[in-house]
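Protein chains in written order, with my numbering: chain R, 401 to 729; chain Y, 71 to 599.
Treat the hints with care, since some could be wrong.
Quick look at which bits of chain Y chain R covers, simulated, 3 or more residues with Cβ under 8 Å [unchecked claim]:
id	stretch
1	157 to 167
2	376 to 389
Keeping only pairs whose Cα atoms sit at most 20 Å apart, straight-line, the calculated SDA-like set for lysine to any residue is [unchecked claim]:
id	chain 1	residue 1	chain 2	residue 2
3	Y	Lys297	R	Gln473
4	Y	Lys233	R	Gly454
5	R	Lys524	R	Gln473
6	Y	Lys233	Y	Gly248
To be clear, the hints were calculated from the coordinates, so they are not data collected in a lab. Just so we're clear, the structure is a prediction, and the values are computed from it rather than from any experiment. Backbone N, C-alpha and C define an ideal beta-carbon position, used for all residues, glycine too.
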Amino acid sequence: MILARHAEATFWAGRLLERAEHTTRMLDIATRDSMHFPASPVQPEWQRLLDVMGVGQTFDGLGLVPDGASVAQFLMLDEANEGSVGRSISQLRENIRTVRDRVPVELWEEANRLLMTLREVEGKLPPEPFELYSTIRRRCHALSGIVSEAMPRDEAFTFLVLGRMIERAIICSRTIRFLVLHPGHTLDEGSILRTVSSLQAYRRRARQGGDAYTLGAFLLQADDVPRTVLSCLRRADGRIQRLIQTTSNGLAPAAMVSGRLRSHLEYSNAEQELRNNAWALLDRVEGELVALTAAIADYAFDPAQIPDMHSQFVRPGQATQPNRSGGGR
Amino acid sequence: MAPVSRLGGRKTPTTDSLSAAPASAEGEGNRARVLPSLAMVGLLDRYQPPGGWDEAFEGEGRIRHCYEQVARRFAGLTVAELDRLEGAVADEFRRQGITFTVYDDDEGTERTWPMDLFPRIIEADEWRELERGLAQRVIALNRFLDDLYVGERAAVEDGIIPKWLVTSSQGFERQAFGIAVPSAARCMIAGIDLVRGADGRFAVLEDNLRNPSGISYVLENRAAMAKAFPALFADHTVQPVEQYGQLLRTTLEEVAPPSAGDHPNIVILTPGIYNSAYFEHAFLARAMGVELVEGRDLVVDDQVVYARTVGGLSPVDVIYRRIDDDFLDPVSFRPDSTLGIPGLLSAARAGTVTVCNAIGNGVADDKAVYPYVPDLIRYYLSEEPLLDNVTTYVMWDDDQREACLDRLDQLVIKPVAESGGYGIVIGPHATDAELAAARANIEADHRNWVVQELVQLSTLPALDRQGGVLGPRHLDLRPFVLTGDRTRVFPGGLTRVAMRAGSMIVNSSQGGGSKDTWVLADSNGNGER
Numbered sequence: 401m402i403l404a405r406h407a408e409a410t411f412w413a414g415r416l417l418e419r420a421e422h423t424t425r426m427l428d429i430a431t432r433d434s435m436h437f438p439a440s441p442v443q444p445e446w447q448r449l450l451d452v453m454g455v456g457q458t459f460d461g462l463g464l465v466p467d468g469a470s471v472a473q474f475l476m477l478d479e480a481n482e483g484s485v486g487r488s489i490s491q492l493r494e495n496i497r498t499v500r501d502r503v504p505v506e507l508w509e510e511a512n513r514l515l516m517t518l519r520e521v522e523g524k525l526p527p528e529p530f531e532l533y534s535t536i537r538r539r540c541h542a543l544s545g546i547v548s549e550a551m552p553r554d555e556a557f558t559f560l561v562l563g564r565m566i567e568r569a570i571i572c573s574r575t576i577r578f579l580v581l582h583p584g585h586t587l588d589e590g591s592i593l594r595t596v597s598s599l600q601a602y603r604r605r606a607r608q609g610g611d612a613y614t615l616g617a618f619l620l621q622a623d624d625v626p627r628t629v630l631s632c633l634r635r636a637d638g639r640i641q642r643l644i645q646t647t648s649n650g651l652a653p654a655a656m657v658s659g660r661l662r663s664h665l666e667y668s669n670a671e672q673e674l675r676n677n678a679w680a681l682l683d684r685v686e687g688e689l690v691a692l693t694a695a696i697a698d699y700a701f702d703p704a705q706i707p708d709m710h711s712q713f714v715r716p717g718q719a720t721q722p723n724r725s726g727g728g729r
Numbered sequence: 071m072a073p074v075s076r077l078g079g080r081k082t083p084t085t086d087s088l089s090a091a092p093a094s095a096e097g098e099g100n101r102a103r104v105l106p107s108l109a110m111v112g113l114l115d116r117y118q119p120p121g122g123w124d125e126a127f128e129g130e131g132r133i134r135h136c137y138e139q140v141a142r143r144f145a146g147l148t149v150a151e152l153d154r155l156e157g158a159v160a161d162e163f164r165r166q167g168i169t170f171t172v173y174d175d176d177e178g179t180e181r182t183w184p185m186d187l188f189p190r191i192i193e194a195d196e197w198r199e200l201e202r203g204l205a206q207r208v209i210a211l212n213r214f215l216d217d218l219y220v221g222e223r224a225a226v227e228d229g230i231i232p233k234w235l236v237t238s239s240q241g242f243e244r245q246a247f248g249i250a251v252p253s254a255a256r257c258m259i260a261g262i263d264l265v266r267g268a269d270g271r272f273a274v275l276e277d278n279l280r281n282p283s284g285i286s287y288v289l290e291n292r293a294a295m296a297k298a299f300p301a302l303f304a305d306h307t308v309q310p311v312e313q314y315g316q317l318l319r320t321t322l323e324e325v326a327p328p329s330a331g332d333h334p335n336i337v338i339l340t341p342g343i344y345n346s347a348y349f350e351h352a353f354l355a356r357a358m359g360v361e362l363v364e365g366r367d368l369v370v371d372d373q374v375v376y377a378r379t380v381g382g383l384s385p386v387d388v389i390y391r392r393i394d395d396d397f398l399d400p401v402s403f404r405p406d407s408t409l410g411i412p413g414l415l416s417a418a419r420a421g422t423v424t425v426c427n428a429i430g431n432g433v434a435d436d437k438a439v440y441p442y443v444p445d446l447i448r449y450y451l452s453e454e455p456l457l458d459n460v461t462t463y464v465m466w467d468d469d470q471r472e473a474c475l476d477r478l479d480q481l482v483i484k485p486v487a488e489s490g491g492y493g494i495v496i497g498p499h500a501t502d503a504e505l506a507a508a509r510a511n512i513e514a515d516h517r518n519w520v521v522q523e524l525v526q527l528s529t530l531p532a533l534d535r536q537g538g539v540l541g542p543r544h545l546d547l548r549p550f551v552l553t554g555d556r557t558r559v560f561p562g563g564l565t566r567v568a569m570r571a572g573s574m575i576v577n578s579s580q581g582g583g584s585k586d587t588w589v590l591a592d593s594n595g596n597g598e599r
């Protein structure tokens, strides 16, 4: 059985991998699109991009001006930005190093290489960063490939996939928020779809005249496109169910949360819900994803949650489901 | 350039995949040709051992038999080729994160493991001798430790070693009294540092019975060597090293408490990813297929150790700890340690868990106890020691001390409880101020310093980038000896090499390098003992 600390490290490795890849892809696409941005000293498109990523306030707090170069520098390398690609990748490497004994050698090597790629620029984004973006994206894909082709389907794999799926679903939901908030902005729908790798799939099936809400519903509900919220939830759910079978039912609360959200997305008319009250639906989606993370962490990660054996009358070895004292879900 | 292509993508006619030497001197035809004087060609033509014993050459540039093929291969390389091969190995190590940490280095922490490609070769006969001597020594040291902590302290009572010397050792742990270890194997993993002096005889420089590290580099060096010079392995029957993980696991299973049953739960306890040997800890966990834990992953309840897993608490039977005694259990040792496991000693005492190496082994690798090891061998085994000690003077003996202080500039001064080369002063290389400080240290504390005769370490060719040649460099050897139900000596060990000409400092923490170490199999092709 995997150590709680290792489970947490792999879960976060999954999240960070997804985050680093997504941020880079987003930035890559936005930079390419920026040639269509209106030529003005202040380009609101960049501010919107920051808002989608959920880091607009941090950026403003640093007193930076949202132009292409400073946004890119901020998202890629800024130490003050906790979600920057640089920080994600160095933390990712640290986490993989922590579980180095139980992941494929290639996974560690590739993570190590990814960090080296980033260190080569020495803290300053080159003026033409496309090559760097594409190298980072390829290395992230290589990591995903190693995970999927070389890792045994054990608990470490499970937690890594859970981390990735939750992060991916949150990113997707934020993207939808951005879409319905700014219909018809310069970062067009095609670009948005490309940021979640779904452009082709959408084009093939979209009815004529689809708007931001049609697109949003697609990103929530399409079950055959790997980056939609529903696809992520199904994969997460599958891993949780398996873990429950092989271990114990400590993950039952997590299964409940993911099942609840999954079935809602499967059976509801998301497009209509988005039109009626997009915020309510997206708040619910993101709220459930946060609750899912908490339920997993609650059960699996937090060493403090394992009761102090000297203060509680728990027989060792039988404490597979420790009592939670006032622990929020 | 994508680094991987440097290793894998060569399309050259040579059999060595790392080598890009365009049609270099190594074809079948060339190999068969007898070179008139091996030492007189290419990279080795200016090779001049500094006196003392050279591992590869005897006398006037005459190559020792076991080095013929290797010398021929290296002599045919250019410096640029060799440099590139070493660069490729270093790149590979860097990519794989095969690193160690130098603590007092402002640069930060991780350094790539330095390896010189010219291998060290030990012939089968010679190795058999060493093997017997090493096993003998470790068996006796284990007997001594067992006698001391759970026995009658017979060696002390019989006056083989002074009681005060034992009880004043920093490594002597009263808390270990009465903690028995299955098979009386208190030191399951020993690293014995050997040096070869000018007379060609191996001698023990020091014993490492607490947490000897380096075995992972033995395996990585071999892997790198096999990539760089695969053809050389075809010319020799070299004893393999890849089985170490299995052997270690077997050893640790043998010392598991009887209650553990047939499949004991083994873990490696590491201080964490910032420790200098973390690479090795993770490497060994992988090689054995066991969990790599930190102190916070383990809890003790009712004298049983458990690991915190996602499925609840899971009992642990054997802890191969890579943490010093002092940090192991804040209840018994340093209360400020966050690396350890509160209550671990109570579990070890109850016999529900085996701690490897056992607690308190430091008393037997104390450098002030070292001069007594030959007597301990005689005492416990009724045998003559097969391996010599290096001549060592103890500073609490007035005569020895006075004699040493008179010629400190010719001797080596060592603190008794350090390892990794820290605190050592080499008389002939020391400044006046360093010698004065050493003298003051000795006079202030007779117990905790020893003085040794300087051993002229043997030499072997290593790449000298500035000189553009293979130059002689001093080296030592750390073989590893495992003890469970019985004592097994692992073939070869870690050869450490000084990177600067004339330097005798081989410790990696002091900037030394390493070499792949080959133990040749018997002529009948097997390395069975």
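Against the structure, the hints come out as follows:
1. Interface restraint, the stretch 157 to 167 of chain Y with chain R: holds (4 residues with C-beta to C-beta distance below 8 Å; minimum three).
2. With 10 residues having a Cβ less than 8 Å from any Cβ of chain R, the stretch 376 to 389 of chain Y passes the three-residue criterion, so the hint holds.
3. With a C-alpha separation of about 40 Å, the suggested pair lysine 297 of chain Y and glutamine 473 of chain R falls outside the 20 Å cut-off, and the hint is violated.
4. A C-alpha spacing of about 69 Å is found between lysine 233 of chain Y and glycine 454 of chain R, which places the hinted pair above 20 Å, so the restraint is violated.
5. Among the hinted pairs, lysine 524 of chain R with glutamine 473 of chain R is consistent with the structure: their alpha-carbon atoms are about 7 Å apart, no more than 20 Å.
6. With a C-alpha separation of about 18 Å, the suggested pairing of lysine 233 of chain Y with glycine 248 of chain Y holds against the 20 Å cut-off.
Comparing the model with each earlier hint shows violations of hints 3, 4; every other hint is respected.
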